[in-house]
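Chemist: Given next are the chains, with one letter for each unit.
There are 2 protein chains.
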Amino acid sequence: MIDICILGTCGMMPLPGRWLSCALVRNGSTLTLFDCGEGTQIPWKSLGWGFRQLGTICLSHMHADHVAGLPGVLFMVAHAGRTEPLHIYGPAGTSYIIEGLRRIAPELPYPIIIHEIKGYERFTLEGGLQATSAPAAHGIPCLAYRLDLARRPAFLAEKAKELGLPVQYWSKLQRGENIEYNGQDFHPAQVLGPPRRGISFAYITDTRPTNQLIELAQDVDLLLGESMYDTVDDLPLARTNAHMVSEETAGIAKAAGAHELVLTHFSPKIHDTRQAEKAARNVFPHTRAAKDGMVVTLDFPN
Amino acid sequence: MIDICILGTCGMMPLPGRWLSCALVRNGSTLTLFDCGEGTQIPWKSLGWGFRQLGTICLSHMHADHVAGLPGVLFMVAHAGRTEPLHIYGPAGTSYIIEGLRRIAPELPYPIIIHEIKGYERFTLEGGLQATSAPAAHGIPCLAYRLDLARRPAFLAEKAKELGLPVQYWSKLQRGENIEYNGQDFHPAQVLGPPRRGISFAYITDTRPTNQLIELAQDVDLLLGESMYDTVDDLPLARTNAHMVSEETAGIAKAAGAHELVLTHFSPKIHDTRQAEKAARNVFPHTRAAKDGMVVTLDFPN
Chain R
1 MIDICILGTC GMMPLPGRWL SCALVRNGST LTLFDCGEGT QIPWKSLGWG FRQLGTICLS
61 HMHADHVAGL PGVLFMVAHA GRTEPLHIYG PAGTSYIIEG LRRIAPELPY PIIIHEIKGY
121 ERFTLEGGLQ ATSAPAAHGI PCLAYRLDLA RRPAFLAEKA KELGLPVQYW SKLQRGENIE
181 YNGQDFHPAQ VLGPPRRGIS FAYITDTRPT NQLIELAQDV DLLLGESMYD TVDDLPLART
241 NAHMVSEETA GIAKAAGAHE LVLTHFSPKI HDTRQAEKAA RNVFPHTRAA KDGMVVTLDF
301 PN
Chain X
1 MIDICILGTC GMMPLPGRWL SCALVRNGST LTLFDCGEGT QIPWKSLGWG FRQLGTICLS
61 HMHADHVAGL PGVLFMVAHA GRTEPLHIYG PAGTSYIIEG LRRIAPELPY PIIIHEIKGY
121 ERFTLEGGLQ ATSAPAAHGI PCLAYRLDLA RRPAFLAEKA KELGLPVQYW SKLQRGENIE
181 YNGQDFHPAQ VLGPPRRGIS FAYITDTRPT NQLIELAQDV DLLLGESMYD TVDDLPLART
241 NAHMVSEETA GIAKAAGAHE LVLTHFSPKI HDTRQAEKAA RNVFPHTRAA KDGMVVTLDF
301 PN
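Taken in order, these protein sequences are the chains called R and X.
Residue numbers in the first sequence follow UniProt numbering, run continuously in steps of one, and reach 302 at the last position.
Residue numbers in the second sequence follow UniProt numbering, run continuously in steps of one, and reach 302 at the last position.
So that you can see chain R by itself, here it is in the shape it has in the complex (with noise of 0.2 Å):
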């Protein structure tokens, strides 16, 4: 299982009322950040999760509305008594960008180890969830992530009774390991069933669509998605921008097969989000609008 907390939702600057657009994910105790603009620790304080528990933040680029709350979200994770390693993920500029913020939080009682990608790669972020990177088209080094959580094969425990195998042997089969009993060896696929579906992620803004993103949020269960223009009319200052209007959102959704997109990242200017969501709902039904602090859970299905 894991949770998403869509801890704010606005784009280009913080409002009264409305954080900066990001998500906290939550597997088991561990906690991975997408992005972190002014403010994020505060509705991340009203949410409860803690901090000590921050692994991994994944940073779409570097411009402020994503990265400017880096300062004060290392303070909380202190605070809260981390002491192991802190990894950041990001495009090129990664470290200049977190050197000149750390000029105020030079001193923390943990090391944090900046990887900079280029967004064609996949690595194992603390907590176990796979991540992909994609690079996204933005006019600056950008990048998409998706979260994968693996499930493992149902134990079938009729045939391994049937296989006359006791049960503390049981244990190694599931994780997939070889086993010797009784002179014999056994194999997991003796004992497993067939593979099945895990839950998946995918966080894309400040983009334009692009193939190598629909890629990336091939059969998500959750796509994250911007919606910093909510009409076609904006198409231009989209292009313009190197944004999308939420009705490309939608269609990079429906082309990945998502099974749901919620949209973020509205543009100050967009105090209903309605328009954004109906306009989505044209392209791709089953899209809602997020709002500050909205969690959603993800869950293997029964």
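Since the hints were derived computationally from the structure, they do not count as laboratory data.
Mixed in with the good hints, there may be bad ones.
Identical copies carry no separate label here, and so any pair may be met within one copy or between two of them.
What the hints assert, rightly or not - Simulated pairs of lysine-lysine, DSS-like, Cα-Cα distance not exceeding 30 Å: (1) K161 x K254; (2) K161 x K269; (3) K291 x K172; (4) K161 x K118; (5) K254 x K118; (6) K278 x K159; (7) K161 x K172; (8) K269 x K254; (9) K278 x K172; (10) K45 x K254; (11) K291 x K45; (12) K172 x K254; (13) K291 x K254; (14) K159 x K118; (15) K278 x K254; (16) K45 x K269; (17) K161 x K291; (18) K45 x K161.
Following the hints, position chain X against chain R.
Modeler: Quick look at chain X alone, frame taken from chain R:
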């Protein structure tokens, strides 16, 4: 007249419902900001005083809770259309910190002029306020500030009439200039009343009490001073962390002959500021605890 808005009252970190301690001063249409922690732009937006007229930022010191909001404020000033220079005053190290923070705000449509000062300077702000600085005792370079708005002596119209001076000559004399009329010299002293007390405001935070601070706050109308701790039980902590207990700030107000003390920069642990207010009033009765967004207006007496 000057208006002082205490945009936030919290020390160390912003909290849900409580912004970081800072103050925005309005003199005519000109704005001056004292300190700029994370989130400062948000209550400022709610206030509705605009951003374009920000002429000066006075920073007490370079701890994150006093400067992390600078990139956001600099962007808001840019969005508002400012092209005139913005002056930033602060202690040694200000340029280094701002260079770091501006990595996420590298291009602005107005020049920023940084003045690193030691705490013994007098300088005139955009809008005509006279500023004075004093060193504070916070373990790192730290400054306290005072603002003075001078008041012209009253113009004695009866005297001008007695001298037979036509009305069109009065304004020059009122502004302090000599004039010649009918072959005769006239001086301001002939038509002006005695000197009059102006308006003054002192901003003292993140410091232990010192005599220099008492001198700085001499006879001010309003002392805005820190109350990091609300009970003398915390005096050892206050000494260790180079902050003040509310009674110590009240001691500065009393010794300086201030007219009013407003307490701010409360520890995040202080949920009810009445204890701090009560303790301070035992030393200096004319004390109030600030609330976020509180505006104090200082005007010349009738």
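Chemist: Confirm or reject each hint.
Modeler: Structure-based check of each hint:
no.: 1; hint: K161 x K254; verdict: neither (45 Å within a copy, 85 Å between copies)
no.: 2; hint: K161 x K269; verdict: neither (63 Å within a copy, 59 Å between copies)
no.: 3; hint: K291 x K172; verdict: neither (43 Å within a copy, 61 Å between copies)
no.: 4; hint: K161 x K118; verdict: neither (49 Å within a copy, 81 Å between copies)
no.: 5; hint: K254 x K118; verdict: within (25 Å within a copy, 61 Å between copies)
no.: 6; hint: K278 x K159; verdict: neither (50 Å within a copy, 75 Å between copies)
no.: 7; hint: K161 x K172; verdict: within (15 Å within a copy, 107 Å between copies)
no.: 8; hint: K269 x K254; verdict: within (26 Å within a copy, 49 Å between copies)
no.: 9; hint: K278 x K172; verdict: neither (50 Å within a copy, 66 Å between copies)
no.: 10; hint: K45 x K254; verdict: neither (35 Å within a copy, 38 Å between copies)
no.: 11; hint: K291 x K45; verdict: both (17 Å within a copy, 21 Å between copies)
no.: 12; hint: K172 x K254; verdict: neither (40 Å within a copy, 75 Å between copies)
no.: 13; hint: K291 x K254; verdict: within (22 Å within a copy, 49 Å between copies)
no.: 14; hint: K159 x K118; verdict: neither (46 Å within a copy, 80 Å between copies)
no.: 15; hint: K278 x K254; verdict: within (15 Å within a copy, 62 Å between copies)
no.: 16; hint: K45 x K269; verdict: both (27 Å within a copy, 14 Å between copies)
no.: 17; hint: K161 x K291; verdict: neither (50 Å within a copy, 70 Å between copies)
no.: 18; hint: K45 x K161; verdict: neither (49 Å within a copy, 68 Å between copies)
This entry does not satisfy hints 1, 2, 3, 4, 6, 9, 10, 12, 14, 17, 18, going by the numbered hints stated previously.
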